[in-house]
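A.B. asks: Got chain A; can you put chain B on it based on the hints?
If you read the protein sequences in the order shown, they are chains A and B.
Each residue of the first sequence is one higher than the last, beginning at 1 in the numbering used here.
Each residue of the second sequence is one higher than the last, beginning at 1 in the numbering used here.
These are computed hints drawn from the structure, not numbers from a lab.
Computed from a predicted model, the values in this text were never measured in an experiment.
Where a beta carbon is used, it is the ideal one built from N, C-alpha and C, also for glycine.
Among these hints, one or two may not hold up.
As the list claims (entries may be wrong) - The calculated DMTMM-like cross-link candidates involving lysine to aspartate or glutamate, where the alpha carbons are at most 20 Å apart (straight line), are:
#	chain 1	residue 1	chain 2	residue 2
1	A	17	B	74
2	B	14	A	274
3	A	226	A	242
4	A	17	B	145
5	B	171	B	195
6	A	17	B	109
7	B	171	B	212
8	A	17	B	110
9	B	292	B	18
10	B	292	B	161
11	B	171	B	161
12	B	15	A	274
13	B	123	B	109
14	B	171	B	159
15	B	123	B	110
16	A	17	B	67
Said to hold, decoys possible - Now the in silico label distances, taken between C-beta atoms and shown as ranges:
#	chain 1	residue 1	chain 2	residue 2	range
17	B	123	A	58	41 to 47 Å
18	B	131	A	55	47 to 53 Å
19	B	123	A	271	32 to 38 Å
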Amino acid sequence: MSTATATPTRPPASKPKRVNQARVLLSEWTKIRSLRSTSFSLLAAVVFIIGFSVLVPWVIVAHWPPRDPREALGFDPTTRALSGIFLAQLAIGVLGVLLITGEYATGMIRATFAAVPARLPVLWAKAAVFAAVTLVLMVPTVLGAFLIGQSILTSKHLQTSLSSSGVLRAVIGAALFLTVVGLLGIGLGALLRNTAGGISTLFGLLFVLPIIVRFLPSSWSDPINKYLPSNAGEAITHVHPDPSLLAPWTGLGLFFGYAVIVLIAAAVSLRRRDA
Amino acid sequence: MIEALGLTKLYGRKKAVDDLTFTIRPGIVTGFLGPNGAGKSTTMRMILGLDAPTSGSVRVNGKLYREHSAPLHEVGALLEARSIHTGRSAFNHLLALAQTGGISRARVDEVVDMVGLREVARKRVGGFSLGMGQRLGIASALLGDPHTLILDEPVNGLDPDGIRWIRNLLKSLAAEGRTVFVSSHLMSEMAQTAEHLIVIGRGRLIADTSMDEFIARSSHNLVRVRTTDPDNLAGVLAGPDVSVVAAPGNALEVSGLSTDQIGLAAGRAGITLLELSAQQTSLEEAFMELTKDDVEFHGATTTNESVSPLETAGADR
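In isolation and in its complexed conformation, chain A is listed as follows (with noise of 0.2 Å):
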């Protein structure tokens, strides 16, 4: 370097240290939870879960038994409990979006990298911190649902424990299936860097695709519903398998498959795009 005009006389600063993955991880901590959007959000999935495991069950007990026979015959007390994470993972799929678009339509976004100019440990740690903050919240709550459901059902005798058989399962399983939820809307966030445009592909591949799915002829529709990302993350939630749904954890499996795909995804267009 040629000389400066003036000399560096300042005192030295303390010793610069490595972005590394775990510093940013600690950062994007920092950013989830300075958020007010974080806690309405996630409020919201919460009052859903337990709200509805309070409506559903109470609807059922009140008008038991139903006109139709075969409703009984097939009544699975665990999924009633927990009708309310199809309202949640509405919360916590526009919040997993929002976790990146919202960097992107601040312009933080520039900070961001200016500060981690690899990016990726960004998209990372905001995968991580976000399914471990929907993890570490749905496992609770929805236990909660599925005590306080069970509890309105006993009136009628309906209910169930969690130690019969693919209860627990069913369960946990539904606190997962939310957070892989949450995961596919950070890489779509992330893949397509605009809130409304995120949003509305989440719920496209969430619930439209169903309804498209449905209107094909049968021999088209049959083999292809089972493997639509909705109906496989759903499979985990029902205690008895659905036959015309994959295996549990296979279902599951498929349904953060397609969220590490459009994590990969976002990870590529991430390196190769301007910010």
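C.D. replies: For chain B alone, coordinates are given in the frame of chain A:
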């Protein structure tokens, strides 16, 4: 130290930055000047590795930006349009950036105090004024105590007090031996702080010169004289290196002589002078003259008055 070599950026077929080569030295404030849309922000984003150059390269302190293992310690940047999430508090914004490089909370508090945001540090950035946002951006640039500072339009939205504060800050940072690279579309602002100038227009390098040289080159030392007898005076003043041009209203525009010399010569010849005034070309005019062919967006009216971004320049002179 920032070294750009043949730096070029194409957006589609449009050249936003066209073959820029320059070196920004430490120890002084270097101004980066150009009309709106000249490619200043694009150049700065390329320095920070946010945008990839189409061709050429730019190195900071000897390395590509992304090769630095502790980037916040090498380069502190204030980017255009406040790169700050509006939903977070100033403190948490700085803390999240600091944590990527293992920078302490104490340092976060320190920079918050340095930019005078202590009272609002726990408030959401969304409610900040433009000036407070600028201060927060400067706080994030200072976080890692960097060797090099890159500031895109730092005085935007600051009140006169804030502008003076920024000028002094930039000068003291440079005096500590750091590289300070500041963009602006206001020549008057640069004249106050920068020792060296890089001027670009339409992505191309127009000038790479010291501020003193720029000022010397752009002042024509034109003297306007109005007299009862312009023809006679023109004869008296004529000489080598002197140019005399007749102007309307019995006036002459003289270059190559000072007002003193003209006044004395007229006195000796017994010619009555009605007006004798030095016509200093302002730096703003010199800059406009330099970039007039390279301004991206002209107003709809006559070109000379419509180089819009520069018109606001007078405000803080």
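A.B. asks: Evaluate each hint against the coordinates.
C.D. replies: Evaluation of the provided hints:
1. Only pairs whose Cα atoms come within 20 Å are accepted, and residue 17/A paired with residue 74/B is accepted, the gap being roughly 11 Å.
2. Under the criterion of a C-alpha separation no larger than 20 Å, the hint pairing residue 14/B with residue 274/A is consistent with the structure, at around 16 Å.
3. Pair hint residue 226/A plus residue 242/A holds up; C-alpha atoms about 10 Å apart against a cutoff of 20 Å.
4. For the hint pairing residue 17/A with residue 145/B, the CA-to-CA distance comes to about 12 Å; that is within 20 Å, so the pair holds.
5. Between residue 171/B and residue 195/B the CA atoms are separated by roughly 10 Å; this keeps the pair inside 20 Å, and the hint holds.
6. As the CA atoms of residue 17/A and residue 109/B are separated by approximately 19 Å, the hinted pair is consistent with the 20 Å bound.
7. For the proposed pair residue 171/B and residue 212/B, the alpha carbon gap of about 16 Å is at most 20 Å, so the pair holds.
8. Among the hinted pairs, residue 17/A with residue 110/B is consistent with the structure: their alpha-carbon atoms are about 18 Å apart, no more than 20 Å.
9. For the hint pairing residue 292/B with residue 18/B, the CA-to-CA distance comes to about 18 Å; that is within 20 Å, so the pair holds.
10. With a C-alpha separation of about 32 Å, the suggested pairing of residue 292/B with residue 161/B is violated against the 20 Å cut-off.
11. With a CA separation close to 16 Å, the supplied pair residue 171/B and residue 161/B stays within the 20 Å bound.
12. For the proposed pair residue 15/B and residue 274/A, the alpha carbon gap of about 16 Å is at most 20 Å, so the pair holds.
13. The hinted pair formed by residue 123/B and residue 109/B meets the criterion: a straight-line CA distance of about 14 Å does not exceed 20 Å.
14. For a cut-off of 20 Å, the pair hint linking residue 171/B to residue 159/B stands: about 18 Å separates their Cα positions.
15. With a C-alpha separation of about 17 Å, the suggested pair residue 123/B and residue 110/B falls inside the 20 Å cut-off, and the hint holds.
16. Among the hinted pairs, residue 17/A with residue 67/B is consistent with the structure: their alpha-carbon atoms are about 14 Å apart, no more than 20 Å.
17. Checked against the hint of 41 to 47 Å, the pair residue 123/B and residue 58/A passes, with Cβ atoms roughly 43 Å apart.
18. Hint check: residue 131/B to residue 55/A, Cβ distance near 50 Å, so the stated range 47 to 53 Å holds.
19. Our hint of 32 to 38 Å for residue 123/B and residue 271/A holds, since their Cβ atoms are close to 35 Å apart.
When each numbered hint is compared with the structure, a violation occurs for hint 10 only.
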